[in-house]
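There are 2 protein chains.
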Amino acid sequence: MARTLVYPKVDKNTVHRKSDRASYDLQTIHSIINATPVLHVSFNCSDLEDPFPTVLPMIGTMGSFEHPSADLNDPMDCYLHGYVSSGIMKQARSRAEKGLPITVAATKVDGIVLSLTPNSHSYNYRSAVLFGYGSLVENLEEKIWAMKLITDSVVPGRWDNTRSPPDGSEMASTTILKVKVVNGSGKVRTGGPGDEKKDTEREDVVERVWTGVVPLHESVGEPVRGGAGRVERVPEHITSFRDNVNETNEEYARTAAAAKGSAGNAY
Amino acid sequence: MARTLVYPKVDKNTVHRKSDRASYDLQTIHSIINATPVLHVSFNCSDLEDPFPTVLPMIGTMGSFEHPSADLNDPMDCYLHGYVSSGIMKQARSRAEKGLPITVAATKVDGIVLSLTPNSHSYNYRSAVLFGYGSLVENLEEKIWAMKLITDSVVPGRWDNTRSPPDGSEMASTTILKVKVVNGSGKVRTGGPGDEKKDTEREDVVERVWTGVVPLHESVGEPVRGGAGRVERVPEHITSFRDNVNETNEEYARTAAAAKGSAGNAY
Numbered sequence: 001m002a003r004t005l006v007y008p009k010v011d012k013n014t015v016h017r018k019s020d021r022a023s024y025d026l027q028t029i030h031s032i033i034n035a036t037p038v039l040h041v042s043f044n045c046s047d048l049e050d051p052f053p054t055v056l057p058m059i060g061t062m063g064s065f066e067h068p069s070a071d072l073n074d075p076m077d078c079y080l081h082g083y084v085s086s087g088i089m090k091q092a093r094s095r096a097e098k099g100l101p102i103t104v105a106a107t108k109v110d111g112i113v114l115s116l117t118p119n120s121h122s123y124n125y126r127s128a129v130l131f132g133y134g135s136l137v138e139n140l141e142e143k144i145w146a147m148k149l150i151t152d153s154v155v156p157g158r159w160d161n162t163r164s165p166p167d168g169s170e171m172a173s174t175t176i177l178k179v180k181v182v183n184g185s186g187k188v189r190t191g192g193p194g195d196e197k198k199d200t201e202r203e204d205v206v207e208r209v210w211t212g213v214v215p216l217h218e219s220v221g222e223p224v225r226g227g228a229g230r231v232e233r234v235p236e237h238i239t240s241f242r243d244n245v246n247e248t249n250e251e252y253a254r255t256a257a258a259a260k261g262s263a264g265n266a267y
Numbered sequence: 001m002a003r004t005l006v007y008p009k010v011d012k013n014t015v016h017r018k019s020d021r022a023s024y025d026l027q028t029i030h031s032i033i034n035a036t037p038v039l040h041v042s043f044n045c046s047d048l049e050d051p052f053p054t055v056l057p058m059i060g061t062m063g064s065f066e067h068p069s070a071d072l073n074d075p076m077d078c079y080l081h082g083y084v085s086s087g088i089m090k091q092a093r094s095r096a097e098k099g100l101p102i103t104v105a106a107t108k109v110d111g112i113v114l115s116l117t118p119n120s121h122s123y124n125y126r127s128a129v130l131f132g133y134g135s136l137v138e139n140l141e142e143k144i145w146a147m148k149l150i151t152d153s154v155v156p157g158r159w160d161n162t163r164s165p166p167d168g169s170e171m172a173s174t175t176i177l178k179v180k181v182v183n184g185s186g187k188v189r190t191g192g193p194g195d196e197k198k199d200t201e202r203e204d205v206v207e208r209v210w211t212g213v214v215p216l217h218e219s220v221g222e223p224v225r226g227g228a229g230r231v232e233r234v235p236e237h238i239t240s241f242r243d244n245v246n247e248t249n250e251e252y253a254r255t256a257a258a259a260k261g262s263a264g265n266a267y
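The listed protein sequences correspond, in order, to chains A and B. Residue 172 in my numbering sits at position 172 of the first sequence; the count goes up by one each step and never skips. Residue 183 in my numbering sits at position 183 of the second sequence; the count goes up by one each step and never skips.
Wrong hints could be hidden among the right ones.
One copy or two, either will do: identical chains are not told apart, so a pair holds if it fits within one copy or between any two.
Unchecked claim - No farther apart than 30 Å at their CA atoms in a straight line, the calculated lysine-lysine pairs in the DSS-like style are these:
1. 18 / 148
2. 18 / 143
3. 197 / 98
4. 260 / 180
5. 198 / 18
6. 198 / 12
7. 197 / 148
Please keep in mind that the hints were generated in silico from the structure rather than gathered at the bench.
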């Protein structure tokens with residue numbers, strides 16, 4: 001029961017710096033991806049004249065269409081929604097069965113770690129990166145499943161509380177990118193400041209400098225009515241989303257700030 | 001006085017989708033970079049066998065060492081702090097005067113836009129991307145200037161409220177990456193939901209679905225003391241940082257939610 005799946009440690013994903021903060025557990029990495037409202041998706045255009053990777057902010061979530069009961073500790077695909085130019089998608093199509101090489105990155109900052117000296121300052125954070133091959137979801141059944149998955153990953157229950165499913169033209173105009181993940185890694189820092197002896201032993205420094213953690217977290221504010229809907233009362237799927245997110249985020253940041261075992265100096 | 005500098009619109013940075021949300025103003029783009037606590041920095045390893053861009057979360061800020069009085073509407077460099085492997089840095093050094101091609105991305109999610117149908121759902125957001133050539137800062141005077149700039153970009157005034165400047169070994173162990181920006185673009189969405197007539201005219205839909213914006217913003221929590229410092233009272237540079245950030249972020253998200261001029265359908 002307590003099996004833990006990990007991504008293979010190869011040169012590409014091995015964390016060399018502060019390796020005590022590294023994680024290769026699927027569960028940890030997939031959770032960070034899912035907890036992040038926007039992912040940064042990076043890939044290269046085929047134009048070799050262009051040396052800069054393209055980076056797009058996209059909404060995404062982990063899922064398994066083949067094994068819908070998969071949990072975050074299982075191998076999963078990453079489904080992404082967001083505009084990707086048709087040129088890029090043609091490339092993804094043309095690169096045979098493997099698809100477009102894509103790096104998906106997610107980072108949450110949970111606190112600012114303020115130590116005695118700037119060099120030991122750090123963030124409490126959770127970051128994850130996935131490497132995989134992206135292709136367009138063409139199968140209609142999988143596409144609509146992924147659209148619901150992504151919508152509900154933003155606000156649980158939202159799909160069923162809207163005019164759904166999409167009609168034919170909406171299905172046609174939506175692109176869902178599926179990244180078949182081949183590897184990944186994560187990195188997590190929690191805890192208070194860690195300073196070196198050369199500073200902690202200096203009376204003039206410890207008497208003068210405030211040290212600790214300033215927690216940072218995403219907050220959900222009061223919903224603002226707008227648009228064409230005539231429902232006045234904010235429905236339960238939205239209020240419970242707001243309450244859950246606020247409670248979870250605030251508690252995580254506070255717990256991370258108070259955690260034992262700060263890790264050395266700067267990030 | 002009202003001059004507005006813009007990045008050149010070339011194929012690489014031109015926003016084709018929802019181009020009414022696009023911005024090429026230096027001021028807009030640089031402000032988004034500076035307002036984001038973590039940047040996603042993407043580049044290619046020279047190893048051609050590896051098709052995946054590397055993406056690292058880094059702390060960074062805009063600045064101009066040559067023209068310290070430059071404001072956000074002026075041409076600026078992007079200074080980054082965070083671990084970059086020595087192999088990568090060797091590459092940056094070896095690529096002659098131009099440096100390592102780097103894409104810097106910053107995204108802030110300001111709200112979840114909930115419309116009648118999943119296809120019209122969106123985020124209010126601010127995103128920016130910069131393309132440039134990265135190299136290590138070797139000049140000691142510039143390096144210490146950049147370290148202060150970056151530290152104070154996280155919490156204003158922090159540098160002077162710590163044991164600073166760094167000593168020789170700290171200077172040697174810190175790497176600061178300077179990205180000479182050659183181009184960039186930004187994209188901003190504010191406002192409420194935009195639905196299509198086919199839904200706004202359906203009584204059964206508008207009577208059933210709540211529409212509006214759920215504001216999202218980063219919050220700064222109560223500072224948690226820890227580490228070696230003996231100062232008990234949270235100093236003013238931290239409390240005013242907390243108050244300013246909370247007020248600014250909350251107000252931005254609320255104002256964005258209530259802004260006129262929603263833009264069509266999905267992101």
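Problem - Which numbered hints fail - result: 3, 4, 6
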